[in-house]
Every structure is written in structure tokens, then in C-alpha cells.
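Peer 1: Spelled out from the first residue to the last, the chains are:
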Amino acid sequence: MKNNKGYNLIILFCLCFLAVANVNAQSDWQAPAEENEKLSPFLFDDDMVLEGRVAYENSCTSCHGTPGQDDFTPMSPPPGDPGAEAFQAQSDGSIFYKIKMGRGTMPKFEDAFADDELWNIVAYIRSFNEDYKQELPNMEGVVIPEYAMRLSFDENVDKLVVKIFAEEVPQPEVSVSAYVMGTFGKHLLGKAQTNELGIAYVDVDPTLPGDEEGKINVMVKATKGFARAKLQQDLAMAKPTERHSAIEGRHIWSTDRMAPIWLKITFFVSVFGVWFALLFIVFGLRNIKKAREEA
Amino acid sequence: MNETITKGHFSEEQIDKDLLKNVNWGGKFKLWMGFLTVSLIICLYYYYQQLQNGLGVTGLHDYVSWGIYISNFVFFVATSLIGMLVSSVLGMMKVSWVRPVARIAELVAVAFAMVAGLIIITDMGRPDRLLNVFIHGRVQSPIVWDIAVVVTYVVISALLLYIPMLPDIALCRDKLNNVPKWQQKMYKSLSLGWNSTAKQFRLMNRYTRILLVLIIPIALSIHTVTSWLFAMTLRSGWDSPIFGPYFVSGAFVAGCAAVIIAMFFFRNNYKLKEYITADHFDRMGKLLVLVALVYVYFNINEIIVPGYKANTADAKHVHEMLYGHDSVMFWLVQLGGLVVPFLLILFKPMRKPLPLTIISLVILAGAWFKRVLIVVPTQLAPYYPIQNVPEGWTGYSPTTPEVAITVASFILVLMIITVLAKLFPVVPIWEVKEDMNHKNN
Amino acid sequence: MNMANKNDKSRRSFLQKLGIAGASTVAGSALLLQGCSDSNKASGNKVKVLTADNKLVEVDVAHLKPGDKIQDLSYLQKRGREGIPGKKFVMVVDLAKCKNARKCMKACQSAHQLKPEMHHLNVLEMEDPVKKTSYWMPKTCQHCDNPPCVSVCPVDATFKRQDGIVLIDNERCIGCRFCVAACPYSARTFNWTEPKNSDKMADVTYDMELNVPQKKGTVTKCAFSADQLRHGKLPYCVSACPNGVYYFGDQNEDLVTNGTTKKTVRLSHLLEENAAYTLMPELGTKPSVYYLPPRESEG
Numbered sequence: 001m002k003n004n005k006g007y008n009l010i011i012l013f014c015l016c017f018l019a020v021a022n023v024n025a026q027s028d029w030q031a032p033a034e035e036n037e038k039l040s041p042f043l044f045d046d047d048m049v050l051e052g053r054v055a056y057e058n059s060c061t062s063c064h065g066t067p068g069q070d071d072f073t074p075m076s077p078p079p080g081d082p083g084a085e086a087f088q089a090q091s092d093g094s095i096f097y098k099i100k101m102g103r104g105t106m107p108k109f110e111d112a113f114a115d116d117e118l119w120n121i122v123a124y125i126r127s128f129n130e131d132y133k134q135e136l137p138n139m140e141g142v143v144i145p146e147y148a149m150r151l152s153f154d155e156n157v158d159k160l161v162v163k164i165f166a167e168e169v170p171q172p173e174v175s176v177s178a179y180v181m182g183t184f185g186k187h188l189l190g191k192a193q194t195n196e197l198g199i200a201y202v203d204v205d206p207t208l209p210g211d212e213e214g215k216i217n218v219m220v221k222a223t224k225g226f227a228r229a230k231l232q233q234d235l236a237m238a239k240p241t242e243r244h245s246a247i248e249g250r251h252i253w254s255t256d257r258m259a260p261i262w263l264k265i266t267f268f269v270s271v272f273g274v275w276f277a278l279l280f281i282v283f284g285l286r287n288i289k290k291a292r293e294e295a
Numbered sequence: 001m002n003e004t005i006t007k008g009h010f011s012e013e014q015i016d017k018d019l020l021k022n023v024n025w026g027g028k029f030k031l032w033m034g035f036l037t038v039s040l041i042i043c044l045y046y047y048y049q050q051l052q053n054g055l056g057v058t059g060l061h062d063y064v065s066w067g068i069y070i071s072n073f074v075f076f077v078a079t080s081l082i083g084m085l086v087s088s089v090l091g092m093m094k095v096s097w098v099r100p101v102a103r104i105a106e107l108v109a110v111a112f113a114m115v116a117g118l119i120i121i122t123d124m125g126r127p128d129r130l131l132n133v134f135i136h137g138r139v140q141s142p143i144v145w146d147i148a149v150v151v152t153y154v155v156i157s158a159l160l161l162y163i164p165m166l167p168d169i170a171l172c173r174d175k176l177n178n179v180p181k182w183q184q185k186m187y188k189s190l191s192l193g194w195n196s197t198a199k200q201f202r203l204m205n206r207y208t209r210i211l212l213v214l215i216i217p218i219a220l221s222i223h224t225v226t227s228w229l230f231a232m233t234l235r236s237g238w239d240s241p242i243f244g245p246y247f248v249s250g251a252f253v254a255g256c257a258a259v260i261i262a263m264f265f266f267r268n269n270y271k272l273k274e275y276i277t278a279d280h281f282d283r284m285g286k287l288l289v290l291v292a293l294v295y296v297y298f299n300i301n302e303i304i305v306p307g308y309k310a311n312t313a314d315a316k317h318v319h320e321m322l323y324g325h326d327s328v329m330f331w332l333v334q335l336g337g338l339v340v341p342f343l344l345i346l347f348k349p350m351r352k353p354l355p356l357t358i359i360s361l362v363i364l365a366g367a368w369f370k371r372v373l374i375v376v377p378t379q380l381a382p383y384y385p386i387q388n389v390p391e392g393w394t395g396y397s398p399t400t401p402e403v404a405i406t407v408a409s410f411i412l413v414l415m416i417i418t419v420l421a422k423l424f425p426v427v428p429i430w431e432v433k434e435d436m437n438h439k440n441n
Numbered sequence: 001m002n003m004a005n006k007n008d009k010s011r012r013s014f015l016q017k018l019g020i021a022g023a024s025t026v027a028g029s030a031l032l033l034q035g036c037s038d039s040n041k042a043s044g045n046k047v048k049v050l051t052a053d054n055k056l057v058e059v060d061v062a063h064l065k066p067g068d069k070i071q072d073l074s075y076l077q078k079r080g081r082e083g084i085p086g087k088k089f090v091m092v093v094d095l096a097k098c099k100n101a102r103k104c105m106k107a108c109q110s111a112h113q114l115k116p117e118m119h120h121l122n123v124l125e126m127e128d129p130v131k132k133t134s135y136w137m138p139k140t141c142q143h144c145d146n147p148p149c150v151s152v153c154p155v156d157a158t159f160k161r162q163d164g165i166v167l168i169d170n171e172r173c174i175g176c177r178f179c180v181a182a183c184p185y186s187a188r189t190f191n192w193t194e195p196k197n198s199d200k201m202a203d204v205t206y207d208m209e210l211n212v213p214q215k216k217g218t219v220t221k222c223a224f225s226a227d228q229l230r231h232g233k234l235p236y237c238v239s240a241c242p243n244g245v246y247y248f249g250d251q252n253e254d255l256v257t258n259g260t261t262k263k264t265v266r267l268s269h270l271l272e273e274n275a276a277y278t279l280m281p282e283l284g285t286k287p288s289v290y291y292l293p294p295r296e297s298e299g
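Chains as they are written, first to last, in UniProt numbering: chain A, 1 to 295; chain B, 1 to 441; chain C, 1 to 299.
It is worth saying that the hints were derived from the structure and are not from the lab.
Treat each hint with caution, since some may be false.
As the list claims (entries may be wrong) - With a cut-off of at most 20 angstroms between alpha-carbon atoms, the simulated SDA-like pairs for lysine to any residue come out as follows:
#	chain 1	residue 1	chain 2	residue 2
1	A	LYS264	B	PHE134
2	C	LYS286	B	LEU234
3	A	LYS289	B	ILE210
4	C	LYS78	B	ILE135
5	C	LYS196	B	GLY56
6	B	LYS188	A	ALA31
7	C	LYS99	B	ILE135
8	A	LYS98	A	ALA31
9	A	LYS215	C	GLN251
10	C	LYS115	B	ILE210
11	A	LYS290	B	VAL339
12	A	LYS290	B	LYS199
13	B	LYS309	C	GLU282
Go ahead and model the full structure; you've got the sequences and the hints to work with.
Peer 2: Given below as C-alpha cells:
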């Protein structure tokens, strides 16, 4: 009996602890110190806010609601209103990190958004804070190279070849991420780093369907420090696929114009056949009238 | 069967007198028509309500979107099929006893077929867009076939009523001098100058024969296509390849019953006991036995086959019918409305005019509810559960406007039959005379 | 934005040199679906448009913006029947993730002006007869490749488009409800009475891709938010889900995008790895909506 009581106490204690932990989930979540201090290399301007808004509405509103409206979905732990004071008290780096990495029910957006797009969302969230002043990184003395990118496809090994130069000099150790542009989002092909020759290889699934010529719209981003570049182009690296209309051919479900021929013939032949006979009789009634005099 | 069964021998004058007697506008008729008209106006008020407020005034909802309007439509189409059986099939087999009742069967067919077309319009959410069916009609849809066939059937039935009636219209033109002017004029133009010449008879017989042949495929297809409204879907309970013949056999049962009732009514009210005899009732009763037997056979197939296999959805549907929610109605209709009457009319005393008429009334009512059983329960057993909707949507009960509009369709049928039976003789006079002469010679 | 002005100018120009604010990806894809690949070239077809600031203007079809309210019924009707070339839209519903939040139902009903009892999308509680457990199943129109509802329509009011979407033209529907009877998924609903907000919606030009305004006596159902797809946006329900239940995309691209996380994955991989199924495949309707099975352990 005594033993039992002890267990009960322990369970009660645990439950209380869990409850408290739950309530504080939001404030408990701390980004690593290094991430916490991270600053946006971009100036939060109207364009960024606008783009951030689109991304936010597509990906965040369903849980967090509209910032400042306190209409987030009741969940445990509560997702919180990004417009609220407690939320805004976090550093840019902290918000950036949490969106990127996720935790528990908060999805990880690392694969969905590139860094610059994540900063767009931060810019949008910050636009609800009148008192916010963007802290910008100290750039003095930093030389930022301008990258040029060249894309090609090596069909022998099914790899996307990314070459990165800055003023014709190959750039090593540049992080490259390659995406296929879908209708509603971009699909991560893979991430890689350039070698000493400034070349990075990204695996391409040969079964990926392209257009008739096997072309597909790819987007490659390259970053190293503050240097970044982006290139989007059509590349013949996918499986050539013929696209068919979903309504090709004649079916029972087609529109009347595309009805099966046999059905149309059957219908019209029988309807017109019967009505022809009926009209023959109706007009024949005149003959009855004519025949009133015995011949 | 091939003997004529009109009793006794009458002079031609007597026959004319007896059979033309009903062509008048008596007080009884006016009272009856007045009653029908007032009832119809009340019912039309409900239709006006439905036009104003939408189909929401009915008990229909997303899960039972076809209710008693469609059941009633199927019933009407079914009943109208009898015209084909009696006048065409039996007529062409030279079964001469049906000749005095053939016109009654044709009257029933025309009235029910005409009103069936109207019922479909009352079921439409947008009756104002009826013309779309003709502008944008899709040959793949059974509805387009149905409309084409119903219209054709109405026209053929009307012609089949009219053309063999030409000699009788001429008789009305010649003998009825005390009817209103417009009526005399109407007889004159409708009789097409009928003069009983041999050529006129020849032409009339030829056209009638063409119609009699034509009406068989059209009548079969009108009800087969109507059954396709259900059988062409993937719903368990409807998804059945025997629906066509099942419907056709059921149609003959309902039609026979309706004709027997009409025969009884005309016989008593128009004093036609000598022309529509007890023998006619006996034979119509035997015909009813035959068609009911076929129908019972189809019913057994329709339940036993899915019930035996009991695949998930069908088993649920059959179970609901036999033991569940719809079982009371099911057993009442199947036993009370079909099997018991069928057993009763096996006995000769039950085929006397009065008992047979009462049994026919029961059969006809059973036939109507049978159509409800075909249409409604299938929809109440969808493949996916009925959730997040008002509680009432798990069942179906027709509302007052819905019932009133359905009643209106019956009133219309009665009006059409009444008026036609007052304008023209209900028993073909010239055929009776011909028979009589044939017998006398 | 205020704070942008507060920052000093030199810093701004410096930062802009970084090649910032990458070309907008969302707006970029929007243009892809306009039906006119070259957005700068005028097509010569003018339509009447109500702009965001409530002005009625006439613009070229090629210059239409997503926010514009098109006032031209015949243009909308033609566009709605044609569909978007080269696409074949599919949806994947991950039942393991559905927690019955019903945000999708709400978004759907408000977008399509539906009364509370009308569902283009219905989250059902399904019983598992073997395990005696239940799970939540969002059920939309399946946009079948062999659509029984379209087969039976007497007037071509419901039809399938080249991008696989099954739509309803409620300017043509005669209200016979044959399609309602024919659909084995009970996906269709009917305007039995005057629709919601019918007086407010009286002046709105009918867009069959949204099926708004609803009309009394006509059938309505899920349209895969065809109006959204035209602008490269995900359907209303898909982007409203907080739990990552929905994926939506183009089968021709073999890519589907999750509405919550925006993660874009290969459709074929997703279906294969998760043992996806369609509803009642034995009926041969060939649905365009795939389901990933519910979690085994949860009751």
C-alpha cells in the first residue's frame, strides 16, 4: 500500500512537471547562442516583407494565425502569435533558427525555404513591430566576391554539374543547393560543395519527368559567407515525357462533342428512324381524308 | 382465348346508343371535374412555393436527392406501359377479347405517359433551364434517352388511341347533334372526313399495324432506359444488370392493375356491363397472374443474388431491406402488395369484377411504394458515412408540398382520362359491331 | 515600411549590391499558369476587370493580375472549360497526420460560399472494422479519370478538363441531381434553397473555377480550387491545414507540395514509400486523390 502511494506521488509530480513544461514550451525553446546572434545580411525592405507575407500565409498562418490578431490555433504547446511582445522580444537569429530547424509540431522549413526566403519571413514578422530597428552585420573591410554560375548535365553519371567562378577564378568550398521548380514549390535535388576546381556535383534522378525534350526548370543557389548567387534555367536533364491531355479520346464521360461514335450513330439512327415512321403516319392522315370518296 | 366475349346480341342502333351514352357533359361530370380542379389548384400552390423557395421545401437532401418525385415518375412510366402490352402484343396475336378494353388501356397509357414527363420537370432544380436538354443534350446520358423515348412514346400512344378511333369519331360527328358547337366542329375536323370506305379502312389498318410494331421497342426502351437511370450508377442496390427486365415486368403488373380499375369504373358509371363483362375481368385477372408471376421471379433474383454473395455494400443494403430500417415497408410491399394478391387471384371467385378491382387497388398502391423502395434506401446506404450534416439527413420523409405535388400528378391523370372519356366512346364501337356481325354471320 | 527609411542610405546601397532579395519565386510561378507564357506580349483579347481599388477597367488577357476580379462572364466560362494545358493535378492526403482540426473544411466553406451543412470537403470519422479503431479521413471530390458523375450529366454541365479537374458550370446545370446519385463518393452537394449571401453576391461575375456565386437549384462540389491553381497557389484547404495532411501538385511533374511545410517531394516516391491507395479502386473510377494510410497504433 505504502509503495503504491509513493508511485502515485511520483506520477503526480511528473504530470505537474509535464504541464509546466508544456506551458513554457515557447519560452523554453532557446536557439543556440551562435545562432541567436546571427544577423540578416539583407535589409528588410518592402519587397522582402511582401515576399515574406506570401510565404507566411502559405506555410505559417494555419497554426500561427495572422500576426497581431491572436488567432493562432489552440495547440499544445501553443504556437504563439508572432506579433505578440514575447515573440518579438526574440532576436532575428532566434526566429530565423526556429523556423529553419523546427521542433515538435513546428515543422522544419530547412528544405522548403532557402536562407534568403527564411529572412523574408523574419522581415514580414518584424513588420508588425513598430519599435523594431534592424541590426545589421558589420561589413567593413569585408570583400564580397561576385559569383558567376554555369550549369550543365553529365548524362554519363546522371549528375548536375555546377561551376562557380568569381572573375573567371574557380571558387572552392561554396555551398550549392539545387532545386527542381515545381508548380507549387521547389523540390530539393541535393546539396553539395564545390571542389578546388570550383565544381559541385548534384545527383539527378533519371526518372524525373521533364518536357518532350527532357528539359526541366532548375534553380541553383550558391552561398559562401556573404557571397551568394542564384541561377534559374531550363536544363535537359530529365526523362523526356510526352504530356497528354486528361480528356484525350472518346469516352462515355467525354463531352457530347467527343461522345463515342457508335453511341451517336445508335441514338440518332433510332430516334430519326422512329420519328420518320411517325411523320409518315401523320402525313398519311391526309390520305385517309382523300380516300373518303369510294373509287 | 380467340373468341369474342361480348354477351348477347344487339342491334347496331342499340350498340350506338349504349356506347355513345357516356359522351355528354352531365352534372356528375361537372361536379367531379370541379372537385379535381380545386384540388389541383391547391396542389399547384405548393408547386409555386417550390418554384419560389427551391427544392428545399421538399424532404430531399444531399444524401437522398431523389425521393418520391422520381419514384412517382418511375411508377407513371411503368403504368403507361400497359398500352403496349394490351393493344400491341395481344392485339397482334389476334386475341379478340381485349378489343373492347384496348381503348381503356390506351387511355391509361396516354394519360400516365404525358404526366410522367411533367413529373420529371417538378423534380428539376432549374425547370427554367429545361431547354438546355435540347440545346446541350449529351447522348451518353440516360436522361437524354429517357426524354427522347418518353416524348416518342406519348406521341405513338396518342396516335394509337386516335387512328383506330376514326370510325367512332365519325359516328360522334354523325349521331351527336345535341352537343356544343365547338365539339361538333372538333369531331368534324378530327374525323378526317371518315366515310367508312374500304380504302380508308385499309389505310387505317396499315397505319395502326405500323404503330403496333413500332410501339413494342419504344415501350420496352422507355422503361429500360428509366431503369438505367439507376442501373448505370455504381450504387449498391441499383448497380444491377437485370434492372431493365425487372422494371418492365413490374410495369406490366402496375399497368394491368390500373386498367382493371379503370375498366371497373367505366363499366359501372357508364353502364357498360354488357360490353365489359365479368369474363373480361376474369381474363385480365389471368393476365395479371402471368405478369405478376414474372415479376415475383425477378424480385427473388434481385434480392437473393446480392444477399447470397453478401459483398460489403450489397450485404448492408439487402440487410436493411430484409431486417433493418426499411423492412416493414419492404415486407408490406412484397407480401401484401404482390405475393398475397397474386395468390388470391389464382382462385376464380377472386377474379370477379369487384374483388379483382379491390385487389388491383392494393397491387397498384404496392407498386407505387415498391418504386420508393427501389429509389430511396439505396441512397441512404452510401459507401461513406453520413456525417457533419443535420441529423435528419440520415433518413427521408417527404414534406407536405412534396406529397401535394405528387398528388397533383394523379389528379392530372384523372383529369386527362375523364375528359377523354367524356369526349370519345371508351369502347370501340365499330369493332364491337364488327365482332357482332362476324358472330351473326 | 517605416524602418526602411530610418536606416542610413549608404548602408542600404551597400547591401543591395549583394544581389539580395532573390527573384521572387512565388510571383514567378504565378505567371507560369496564366495560360499565356509571355506576359509582356498583348494577346489582343480584352476583358473587363475590377481592380483591387474597385475600378472597372479593360485590360489585355495577357496582363491579368491575380488580384483582379474579372467581370467578363464569357471569358471566364471559356477559360474554366479549357483548363490549364500540360497539367494533371493530384492530391495526396496523409491520414496519419490528420487530427481533425477542420481548418480545411472552414477554408473551403468560406471560399466557396457554402452553408454549414454543405461540404465540398468533409472530414469523416472512419471505423477500421478489423482493429476496432477509428481515424479521420478528409473526403473531397476524387476528380476521377473515369468520372461516373460526368458520364450521366444530360447537358455537359459537369465535365472533365484537360488538367484532370472535374468542374461544374452552374450557369448550365438543370438541377436533375443525376450526378449526385451517380457519385459513389457522395462528393456532391446541392443548393436546395437560396445560397448563403445570395443578395451580396448578386453582382459578382460567376467563375466556374471557384463556383461562386452559388446558385439555387444547382449542384456544387470540390473544384480543386482551380481558381487558385491558375495563379500557382495551392488549394484553399491544402494551405489551411495546420498538420501537413495535404500534398498537392502536378502528376506530370511527379512533384507534390505539402500545404503546411511547403516541402516539395516526388509524388511517385511518396506514394510508393507509404503504401498509398485510392478510395474504392474496384469501381474503376481512377481517382486523382491518393490516401496514405492512417497510423496503426493510434485509436
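Peer 1: Hint by hint, note whether the structure agrees.
Peer 2: Hints, verified against the model:
1. A:LYS264 with B:PHE134: Holds, because 15 angstroms separates the two Cα atoms, which is no more than 20 angstroms.
2. C:LYS286 with B:LEU234: holds, 13 angstroms
3. A:LYS289 with B:ILE210: Holds, at about 19 angstroms.
4. C:LYS78 with B:ILE135: With a Cα-Cα distance of about 18 angstroms, the restraint between C:LYS78 and B:ILE135 holds, given a limit of 20 angstroms.
5. C:LYS196 with B:GLY56: Roughly 14 angstroms separates the two Cα atoms, so the pair holds.
6. B:LYS188 with A:ALA31: violated, 103 angstroms
7. C:LYS99 with B:ILE135: Distance of about 47 angstroms is beyond 20 angstroms: violated.
8. A:LYS98 with A:ALA31: holds, 7 angstroms
9. A:LYS215 with C:GLN251: holds, 16 angstroms
10. C:LYS115 with B:ILE210: violated, 55 angstroms
11. A:LYS290 with B:VAL339: The hint is violated at about 53 angstroms.
12. A:LYS290 with B:LYS199: holds, 10 angstroms
13. B:LYS309 with C:GLU282: Answer holds: B:LYS309 to C:GLU282 is near 16 angstroms, not above 20 angstroms.
Going through the hint list in order, the structure does not satisfy hints 6, 7, 10 and 11.
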